[in-house]
Amino acid sequence: MPPLPIPAAAPLSWYLTLSAVLFALGVAGFLFRRNIITVFMSIELMLNAVNLTFITFSYRLKQVDGHIFSFFVMVVAAAEAAVGLAIILTVFKNRQTLEIDELNSLKN
Amino acid sequence: MNFFILAIIKAAVVAFILLTALAYLQWLERKVLAHIQLRVGPRRVGPHGLLQPLADVVKLITKEDMVPSHVNKVFYLLAPFIAVMFALIPIAVIPFGTDLTIPAITVGGVTIGPIHTAMELTDLNIGVLFILGISGLGVYGVALAGWASNNKYSLLGGLRSSAQMISYELPMALALATPLLALNSLSFRTIVNSQSGFIWGFIPRWTIFQGPFPFMFTAFLLFLIAAFAETNRVPFDLPEAENELVAGFHTEYGSMKFAAFFMAEYCNMVTVSCVATLLFLGGWHPLFPAQYGSNFLPPLIFVGGALLSFMHAASPARPFDKFTLPVVGVVSLGLAGIFLIPQLSALLLPLFWFCAKALTVLFVYIWIRGTLPRFRYDQLMHFAWTFLFPAAVVNLFLVGLWVALT
Amino acid sequence: MDALLFMIFAAVAVVCGLNLVLQTHPISSALSLVGVMAALAALYLLLGGEFIAAAQLVVYAGAIMVLFIFVIMLLNAGTEHKALKGSWAKYAGVPLLVALLGMVAYLVQRMSPPTENVVFGEFRKGNPVEIGHALFTTYLLPFEVTSVLILIAILGAIVLARKEIE
Amino acid sequence: MQLWLIPLLPFVGFALNGLLGRRLSKPVVNLIACGSVLLSFLWVLKTLSGLGAFSGGLEEPYREHYFTWIQSGALNISADFAIDRLTSVMLLIVTGIGFLIHVYAVGYMAHEGGYYRFFAYLNLFMFFMLILVLGANFLLLFIGWEGVGLCSYLLIGFYFLEKFATDAANKAFIVNRIGDFGFSLAVFLVVIHFGSLDFATVFDKVKAMPVETSAGWITAIALLLLVGATGKSAQIPLYVWLPDAMAGPTPVSALIHAATMVTAGVYMVARSSQIFLHAYGALTVVALVGLATAFFAATIGLTQFDIKKVYAYSTVSQLGYMFLGLGTGAFSAGIFHVMTHAFFKALLFLGAGSVIHACGGEQDMRKMGGLRKYAPITMWTLACATLAIAGVPGLSGAASKDLILESAYEFAPWMYWVGVFTAGMTAFYVTRAFCMTFFGEYRGADGHGSAEGHGPAAAHDDHGQAAHVDDPHGHGGHGHGTPHESPSVMWIPLAILALLSLGGGFINVPKFLEPIFPLHEGESAAWLEYVASAAGLLGIALGYVCYVVAPAIPASIASTFSGPYRWIYNKYFVDELYDSAVVQPTIDGSRSLLWRAIDAAGIDGLVNGTGETARGIGGILKHLQSGLIRSYAAWVVVGSILLIAYAGFLGGAK
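For the protein sequence lines, the chains are E, R, X and Z, in the order given. The first sequence begins at 1 in the working numbering and counts up by one. The second sequence begins at 1001 in the working numbering and counts up by one. The third sequence begins at 2001 in the working numbering and counts up by one. The fourth sequence begins at 3001 in the working numbering and counts up by one.
Keep in mind the hints are simulated off the structure, nothing from the lab. Note that the structure is predicted; figures quoted are calculated from it, not measured. All residues carry an ideal CB built from backbone N, CA and C; glycine is no exception. One should not assume that every hint holds.
Residues from chain E that face chain X, not an exhaustive set, calculated with beta carbons under 10 Å [stated by the list, open to error]:
#1 28
#2 40
#3 70
#4 81
#5 93
#6 103
In silico EDC-like cross-links for lysine to aspartate or glutamate, where the CA-CA straight-line distance does not exceed 16 Å [unchecked claim]:
#7 3367(Z) to 3410(Z)
#8 62(E) to 2116(X)
#9 2125(X) to 102(E)
#10 3373(Z) to 3485(Z)
Bound-form chain E, shown alone (with noise of 0.2 Å):
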């Protein structure tokens, strides 16, 4: 079977700029979208570029600690997944729209 075309390992500097991309799309997606629900996915796509990011420096660094930010990471996540969608849940029970653009009582 003929080699691939393609360096052996991938560089570093990869993983990062993926997680870049993935924390700015994660962004893109705070900003256009105007599902409530849509929005708070977008926030976990960038903390899973962010935890993309500690993984890739504990490699990095050889050390385990990244690991572990990225875990707890994770649960905060899940805490403010549950308690995120439970308000979610309370605004739609209340307002029965999930557009945040019809959501701006607060202002004025």
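With the hints as your guide, set chains R, X and Z onto chain E.
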């Protein structure tokens, strides 16, 4: 590239055996249920309905593959695939027996081997975690199916099942963690190897017999219960409660897609029984030591089976079995012979024990289905959160205490 | 080989991420997010984070996202219609993000030389043993605190989502 | 030895009563209040016996270190409690008398509103007083000092719906602030010059220094301490608050303004005796202040008709005696007098309270009289106190007063003579008060008590502070036409105190205090005592004659010397003097300068200007808060871009 070829071959073999096993598992279930209910079960197609699974498959494939108009196409089609995929993946990390060594064979100048490989697709050193993760993903299939088919019964079924699976995943994970605590590894192979040997020379050193007696056994029971719920089996089969939810999440599914869900379910059953066997029942280690002749148990069983079938064939009361039963007898005699070949026996004995244990667990599945009624939904959740979960936590805590103290 | 795997999974991740942003239906977004997570789990494995990969699958994909889908189904959230009034952020957002991305990418390239590669299996500390050890010795206090946090979150969720009792 | 338990117990009582008192029933409140103080008293006894204070032990101070409180540079202040013989005397006085007065108050306050509040304050006072006594450095002393000031303020203003009560409270508080100002200055000076506040270290350093004959730092410290003491112990010129402080309930007057708190100044001076002994001038000033206070207060006491006022001035004058003793170097005598005075003065006040109680809230002696058939026990106990303070030989008052007078004689004979004369006056006016109260006919209107006390009291018995809207003398007596004896819970403490004030003189405090204050030899001539006692007896006789035998005499005297009489009767117009000399200028100055110029123009202008500026900036910035989440996110992105640009390109990260 030897590795890839080997992997592909193994994958093919495992997949073939597994799928066949699934088909026949259904046949087995129908038979056993029938006998539990004093029926005879399928026996039209082939002797004793042995060809029934084939017939079913043919029927399902040839059925019209219709897609209801009101469904969400993408997910409607995606759901069964997801279900099957996540049902099949876990098999990859399950070892079926000890290492397999094939001496070098030369066929027409092409030399193959010698091949030395483990009898599993891959030995992940976090196999248990892997299985947990994948089975966690299995929810999506059901949930999506329920949602996509845009039908209130299906939606209810989907919601129920996703809630139920999430709820029962916790106790299952905790029950799984209990033996891990004692065996102190996450790789199935290591776990099984650490269960070899016998206590006082005759009690097998399986996990359920290890430690302070009741705890591991409790963990086993908890795992079994939670697994029943995970696989949506009776008495926890609310997502597909035929009579209240008109078959729940796969109401709108026909033909092969419907079959896919069933495959997924039975595959999950197999996975769970394998995991139970590996973690609790000592994997491929025999029930009693070799010096008491455990190596000769399989041949004896097969020979006995052969004699039995010959006897029945001889009896005039069973005219239909004149030809089939002798065939069965001959086959089993052959099997017994194979088991007596020393080179092969080293390989086949573990396999035999493993399959025997897994089949026992599967039989329990069917047995329960034939015995117990279905839970009500609130009872189900109540049971999960107020009994199963605390029990698992307490059990895990006690075992942890014991491990810490010794 | 590693690079190939990386490319595959990175591609999956990016495509799914794009999908998450572009799809109009929450369910599609949710599923693409699950895809991202699965791909990331694979990448974690490449980076030697066995435990974290499994945790990613179990916690994120297996629990959190199911919760999302659950809620989406419960609210039966439909596709979102076009924005009635767009805020300036929508128009300023793209260039901003491009700038951000470009800068980060440039800096990353500049800071970490392309010669240092990620070789699978070179980092062996990611296994459950190490993680557990670190978690229960160095990071014991944060660990316990997170448990309390989760407890609070559970209570909060229950209080928020329960039916109003008249 | 767990010294911390001593102050903690009353504090617990305070916490319980203060927080839950409103919901607790009166018996529970009583139990908590009195019980905590009793426990603390018992603990004091246990501690002292454990330290062998009663068996000649405790020569050296016993000290407990709890934690380092303030640690800044060289200054290291730690929360320590120390207990030596001086402290133990004070401890016994405070907790013992305190307990008796608590018990008394149970009866006296039975019909008052704000019951739990009263006892909470009392307990808080005990707490601070014990801190004051136990503290092993100036800072703890100061804390206790301020704390008791606070409690005295709260308790004087206990009937805070009454104008006069609140005014009196404010007066006491402000006047005390003046003294405390001096005290804190003294503390600062101590820090500056000795680099520590710990009693032991400071006094050792002082001991090492030579005695200052001319003015010096030590003198300055001593004088400033004296200022503080004059404030707290109501000496000239800061005594004016004490007579008004009688607006508080009588047990408060007895406990705080007679027995314990006002003696804090004496304690403080005695505690820092080393400093005073090294500042000869300051010591003389102490003596002079004490003597003057004793004399003038006594003269004022001659003319007052409000029974509590009389005793208040007598308190001031007795405190003057104590300072005379301290100033003339007889510290032990001063402390001895503190103790005996605590006995008989507390008794006097409680007796007065009982009398007031008997008359249903009346405090004017002209409306009393002839109570001996209505309140015999009160009379006899009060008689004991009167004889004791009058200095009848053998009783407690005489023992300590004679010691003070002897040392005064050694210091300067004329001081002795003034002191003797004052003693005579003291004997006279206490006898006067006693006779006006108990002899003759009852001059109070019948039903008077019920008219004024009973209605509101019954109406307001148990809801809070409202009980005193229309009862200016602050005692919602339970109505009765004719006077009557007080309940046993009130007279039993009286009896105990009577015994103490009779026999208290035989407790040889100076001997006990010898390790701290060496007894000055120089055998005093016996005639000194005889003269003093003679003066006392003479005063008693005169009083009896003037107010029982021939009641016309005082009136005629007053009319003949009408000028001086009015002068004295109006307390030398000191209040008016202070008012015109200090208060009014202050008020005017504050109104014109501080308020109009500085506050209104300067500070308000500044503040408003700030507000305006902030509003202006906010007006610009408010556009950032569009209420659209995603615009916030966009801002975050912008910020992160800037940060990364800074870190990455402007050389943050290399």
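Hints and how they fare:
{"no.": "1", "hint": "28", "verdict": "holds (5 Å)"}
{"no.": "2", "hint": "40", "verdict": "holds (8 Å)"}
{"no.": "3", "hint": "70", "verdict": "holds (6 Å)"}
{"no.": "4", "hint": "81", "verdict": "holds (5 Å)"}
{"no.": "5", "hint": "93", "verdict": "holds (9 Å)"}
{"no.": "6", "hint": "103", "verdict": "violated (13 Å)"}
{"no.": "7", "hint": "3367(Z) to 3410(Z)", "verdict": "violated (45 Å)"}
{"no.": "8", "hint": "62(E) to 2116(X)", "verdict": "holds (13 Å)"}
{"no.": "9", "hint": "2125(X) to 102(E)", "verdict": "violated (48 Å)"}
{"no.": "10", "hint": "3373(Z) to 3485(Z)", "verdict": "holds (9 Å)"}
When each numbered hint is compared with the structure, violations occur for hints 6, 7, 9.
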